[in-house]
Amino acid sequence: MHSIFPIYKLTLRSILRERVALSMLALLALVLLLLPAGLETDGTIQGALRMHIRYSLGFSSFLVAAMTLWVSCASIAGDLSSKRLQMLLTKSVHRAEVWWGKWLAVVTLVSILMLICGGVTYLRIQHMVKTADLTRAEKAEVHSQFITARKPVDADYIDFSDEAEAMAEAQIKAGAVPENFPKEQLVSQMEHYLRVSQNAASAGEFIPYTFQLPHPLVLGSQFQISYEYDGASMGNSTAPGAWHIDLPGKQDVQIFETEENPYGTKVIEVTVDEKLAGASNLTLRFENRSEESGRVFFKTDQGVRLFFGGGSFSLNLFRALLLLCGMLALLAAIGVSAGSVFSLPVACYVSAVVLLMQSFSGTVEEVVAAGAPVADQEESILTHGIKVFQYKVFEGVLVVLKPLQMESPLGRVSKGITVSAGEMSSVFLLRFAPVVLLISGVGIFLFSRREIGAAV
Amino acid sequence: MKFVKNFFPLARLTCVEIPRQPALLLLSTTLILFIGCLPFLITHNLGEAGKLVRDSALAMMFLGSLLLAVPAACNAVSTEIRRGTAGAILSKPVSRIRFLAAKFTGVSMVMLVFSGMATLAIMMADRAAAIEFNIGWRYLIPLYLAILCAYLLASVINYFTNRPFASTTFWCMAGLILIAFIWTWLMKESPQDGPAVIDHGGHSHVNPFAGEPIPIRWSLIPACALITLAALMIQALALLCALKLGVVASLSVCSGFFLIGLMSDYLLAERATETLWAKILYWILPNWQHFWMADALTAGGQIPWMYVAQASVYALAWTAGILLIAFGFFDRMEVC
Amino acid sequence: MSEEPVVYTKDLQKIFKDFWRRPRARAVDGINLELHKGEVYGLLGPNGSGKSTTIKVLLGLLHPDGGEVKVLGKPPRDVAVKRKVGYLPEESYLYPYLDAKETLRFYATLFGLEGSMREKRIDELLEMVGLSHTGRRRVGEFSKGMARRIGLAQALINDPDLVILDEPTSGLDPLGTRQVKDIVRALAEKGKTVLLSSHLLADVEDVCERITILYGGKVQASGPIRELLQVANHLQITLKDLDETQRARLLDTLEKELGQRPALEPTRKDLESFFLEVVAQARRESGEGSGTRAEGQLAGFLTESEAEGQE
Chain A
1 MHSIFPIYKL
11 TLRSILRERV
21 ALSMLALLAL
31 VLLLLPAGLE
41 TDGTIQGALR
51 MHIRYSLGFS
61 SFLVAAMTLW
71 VSCASIAGDL
81 SSKRLQMLLT
91 KSVHRAEVWW
101 GKWLAVVTLV
111 SILMLICGGV
121 TYLRIQHMVK
131 TADLTRAEKA
141 EVHSQFITAR
151 KPVDADYIDF
161 SDEAEAMAEA
171 QIKAGAVPEN
181 FPKEQLVSQM
191 EHYLRVSQNA
201 ASAGEFIPYT
211 FQLPHPLVLG
221 SQFQISYEYD
231 GASMGNSTAP
241 GAWHIDLPGK
251 QDVQIFETEE
261 NPYGTKVIEV
271 TVDEKLAGAS
281 NLTLRFENRS
291 EESGRVFFKT
301 DQGVRLFFGG
311 GSFSLNLFRA
321 LLLLCGMLAL
331 LAAIGVSAGS
341 VFSLPVACYV
351 SAVVLLMQSF
361 SGTVEEVVAA
371 GAPVADQEES
381 ILTHGIKVFQ
391 YKVFEGVLVV
401 LKPLQMESPL
411 GRVSKGITVS
421 AGEMSSVFLL
431 RFAPVVLLIS
441 GVGIFLFSRR
451 EIGAAV
Chain B
1 MKFVKNFFPL
11 ARLTCVEIPR
21 QPALLLLSTT
31 LILFIGCLPF
41 LITHNLGEAG
51 KLVRDSALAM
61 MFLGSLLLAV
71 PAACNAVSTE
81 IRRGTAGAIL
91 SKPVSRIRFL
101 AAKFTGVSMV
111 MLVFSGMATL
121 AIMMADRAAA
131 IEFNIGWRYL
141 IPLYLAILCA
151 YLLASVINYF
161 TNRPFASTTF
171 WCMAGLILIA
181 FIWTWLMKES
191 PQDGPAVIDH
201 GGHSHVNPFA
211 GEPIPIRWSL
221 IPACALITLA
231 ALMIQALALL
241 CALKLGVVAS
251 LSVCSGFFLI
261 GLMSDYLLAE
271 RATETLWAKI
281 LYWILPNWQH
291 FWMADALTAG
301 GQIPWMYVAQ
311 ASVYALAWTA
321 GILLIAFGFF
331 DRMEVC
Chain C
1 MSEEPVVYTK
11 DLQKIFKDFW
21 RRPRARAVDG
31 INLELHKGEV
41 YGLLGPNGSG
51 KSTTIKVLLG
61 LLHPDGGEVK
71 VLGKPPRDVA
81 VKRKVGYLPE
91 ESYLYPYLDA
101 KETLRFYATL
111 FGLEGSMREK
121 RIDELLEMVG
131 LSHTGRRRVG
141 EFSKGMARRI
151 GLAQALINDP
161 DLVILDEPTS
171 GLDPLGTRQV
181 KDIVRALAEK
191 GKTVLLSSHL
201 LADVEDVCER
211 ITILYGGKVQ
221 ASGPIRELLQ
231 VANHLQITLK
241 DLDETQRARL
251 LDTLEKELGQ
261 RPALEPTRKD
271 LESFFLEVVA
281 QARRESGEGS
291 GTRAEGQLAG
301 FLTESEAEGQ
311 E
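Chains A, B and C supply the protein sequences, listed in that same order. Here the first sequence stands for residues 1 to 456, numbered as in this note's numbering. Here the second sequence stands for residues 1 to 336, numbered as in this note's numbering. Here the third sequence stands for residues 1 to 311, numbered as in this note's numbering.
To be clear, the hints were calculated from the coordinates, so they are not data collected in a lab. Ideal Cβ positions, reconstructed from N, Cα and C, are used throughout, including at glycine. Any given hint could turn out to be false.
Simulated restraints on C-beta separations [what the hints assert, rightly or not]:
#1 Leu-16(A) - Arg-137(C): 47 to 57 Å
#2 Ser-314(A) - Arg-137(C): 18 to 28 Å
#3 Tyr-159(B) - Leu-446(A): 44 to 54 Å
#4 Leu-446(A) - Arg-185(C): 39 to 49 Å
Calculated lysine to aspartate or glutamate pairs in the EDC-like style (CA-CA distance at most 16 Å, straight line) [unchecked claim]:
#5 Lys-9(A) - Glu-90(C)
#6 Lys-275(A) - Glu-228(A)
#7 Lys-266(A) - Glu-291(A)
#8 Lys-9(A) - Asp-11(C)
#9 Lys-218(C) - Glu-90(C)
#10 Lys-244(B) - Glu-451(A)
#11 Lys-83(A) - Asp-159(C)
#12 Lys-83(A) - Glu-91(C)
#13 Lys-101(C) - Asp-65(C)
#14 Lys-279(B) - Asp-265(B)
#15 Lys-17(C) - Asp-246(A)
#16 Lys-70(C) - Glu-127(C)
A few chain B positions that, by computed beta-carbon distances, are all more than 10 Å from chain C [what the hints assert, rightly or not]:
#17 Cys-37
#18 Leu-66
#19 Gly-84
#20 Leu-112
#21 Ile-157
#22 Tyr-159
#23 Phe-165
#24 Gly-246
#25 Leu-281
#26 Tyr-282
#27 Met-306
#28 Tyr-314
#29 Leu-316
#30 Arg-332
Sequences are here, hints too, so could you generate the full structure?
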């Protein structure tokens, strides 16, 4: 394995000397500087911060991903087309060493680019907050909700599967469902219905959420209740309500009254008093205090959460960037492998298709999650056949894309939610490392069997 | 006459050479196929499918033109300069301007064929997505078949005659997509397009086209023509970049212009009334908003050809300016 | 000749196929080669005769479709074999952004060479090929001849037992050609085996002991060069310093004895020797170097290691 380092160094050097890195950096600078100016925000500092992290940095990370694919494909395929690889492979070098040397060089380069983008964004955010015309309270709010790293705690999961199953059975017995409608689809629809109902409160009703806390509450410390409305079916634009904090055997330890527009995410700051101190679990109850009929809805997926402890934003951003670098390393593995099997343009194309499919994996997942298409009596066999074929294709695509799927950590960073070190290491060890090893294995195997310098 | 004598063989050569790159074929196939898949990728999740399909397809065509134009221009110019074939041609009685003009014409021809294919695919996809929550497969399947048949036909031709696979497929695809479009255009006998009432998520939608074929949205032609004009501008820029830069650097520069062009109204429109430099920049930089008529299509449905003509003048003037710079630069450049 | 051959091929075949896996060209068709230690072997043939393909098979870059191949007793795709092989391709495919030293340093590290030993080898090789003065100039800016020289240097960096040179003199001036030929001879003297492919016949004739001529992927002629070039029933006598009278008497005597009057022509130098003499003379007079100062002498480490090997 002594040849990996020289190949790594050479690849890095040629990327730098061929000014590829420079042109990439120039394009990234353009994006980082111009994109925020071109995007419209809601005028608040919070909106601007989110815009910077999610869109400006997000788009830069997409650009870096595209660059990763290009550079990684070119690393071996470029040497092949210029015949330099011919000379290299007559030396005492294993093809696996060439693969790993090239991959490491690409990963180093794109990670540096990614970290530079992150650094620029970080400095810009700091500058924005510093120069923004905000009151002290507003600044404190920005620091406690955005430029921070809060640990979320989700409410206990309620299992509705038995209830949903029973409801589905009842529906089928009552003859309310077409004969060929698949039962599991019906059960999942029922479950969804129950979950929405669970997160909705009519006038005078309560919605309970129970939380197991990571550690007992400390007197004087603070935590946040964050809740995201999913609309309301009342006529009024404001929804009067209250959040009750209950402890086991002790109701209404603290009550927070609310009267607000039931849209978007809201946050209540809670200071742990003597009554709350020491609690290791608690129940939050939302009370719909509206006098009108109608319901208030909260998002079913992580709609109500607690946030603890404000960690370092810069470290959080750094961890998110590292996760992105891991993702880039995975893309680089795809690119280097593609470049060692195909010619440069074809390799670029193949990798770009993977990247494109990965960015559409959400849609693919939604389609697959909706379940297999059900035959409609009015539908022709051909149309149904096409739908089934499409579904199967999507299912297959999802299997391939699964290891590449990763929710961008920038979304969480922009909301001031922590990307934990534990999560990061588990993603690296359990996802990135095995997938990179697998892709490298396939790439090296095919590369080793490839003939170099065949007359065309 | 002498100009024509030298010019056409060179332009023809470029036109023949560029589609021989497998990546160009793969890229154009993917773009066309993606446009063709938009109706079922989009109707699955959301309403307003027609608008979304149109917008996405036009955006795909625009972005695709950028992705195709840069490698094509680089292959026509920078690769030839590096390989020494440009030097060999210039050692013959061919002036540099003629060489570059022929290259530009060759690249433009190929891009025009791509734009044509994309326009037809967009019109078919638009028809397929015209009815909410119902996919008009009979307008899409001919498109898929055309692409599939192009590959099969080219394989057979390659097997028996050894003609280059990539370029044969490209040209076959162009021809077959045209045939597929005409076929769907002439489809009239079908009793109806989709059921009279469509059920989606418990809501019923009346199908406005039940019982008759969905009309072709001809107004997409001027919209696509405008994007083709924008693509022409990108090509000129790509050609200028390709004189000195490789594919990555050229793509970076062109993408930069692409971004600036998209945002030039935001960035400069207001300032242009106040300061001179902003005014100059606003005039010099390309403004893609002039060529993006997707919103107009949704709002009114028609794009006057007079507007297209005015936009052509702008596009051609800008292209000519960039080409003049390229000519001047290439004239002074050392070619090995 | 009982020891194992350095290069051994038996009935070697290589067929290039098209996309449909149909045979498109039979590049190598039943070639048998046997190269022994310390031998300079020439592979001759016109363009497209299969020389480069054979070499690429010997280097493990291409895979044979039939027959047997062994290099230094092992299959050529074995990486261990490559530790003892040096290769100069038909064109020097170099990393254009590296300078001469960086290029050699890179290839040296691939063989695990480090530290002062590596630097010493690099300096000696650069001296040997006459490029020690190029400094930080990037090899992308080198002339073709200079690129060939650096190519030759990289082929010798690992002190190989088998040196494969594909068109080593193409692009070189007569001086460089001469130097390369001298290096080849010196390498053979030190026990290295050299496989040389070329269509410059004079070069091959000068340095090779045995040759194989390929055409259409097949061996057309093979054997020691002296035997192959020998013209049956033709003899050549070389005499020095004869005056007119002696010449006339010699011709008369030969005519009387043999019954035919032989042709008598003065011996001519070949153009290469003449050119080299002229350049050497000019150099002596001007007292300056041409930029390539080497005289075809081997780099120090190449001779040292051989001596160590013999011990």
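Q) Can you list which hints this structure breaks, lowest number first? A) Hints 1, 2, 3, 5, 6, 7, 8, 9, 10, 11, 13, 15, 16, 22, 23 are the ones this structure does not satisfy, whereas the remaining hints hold.
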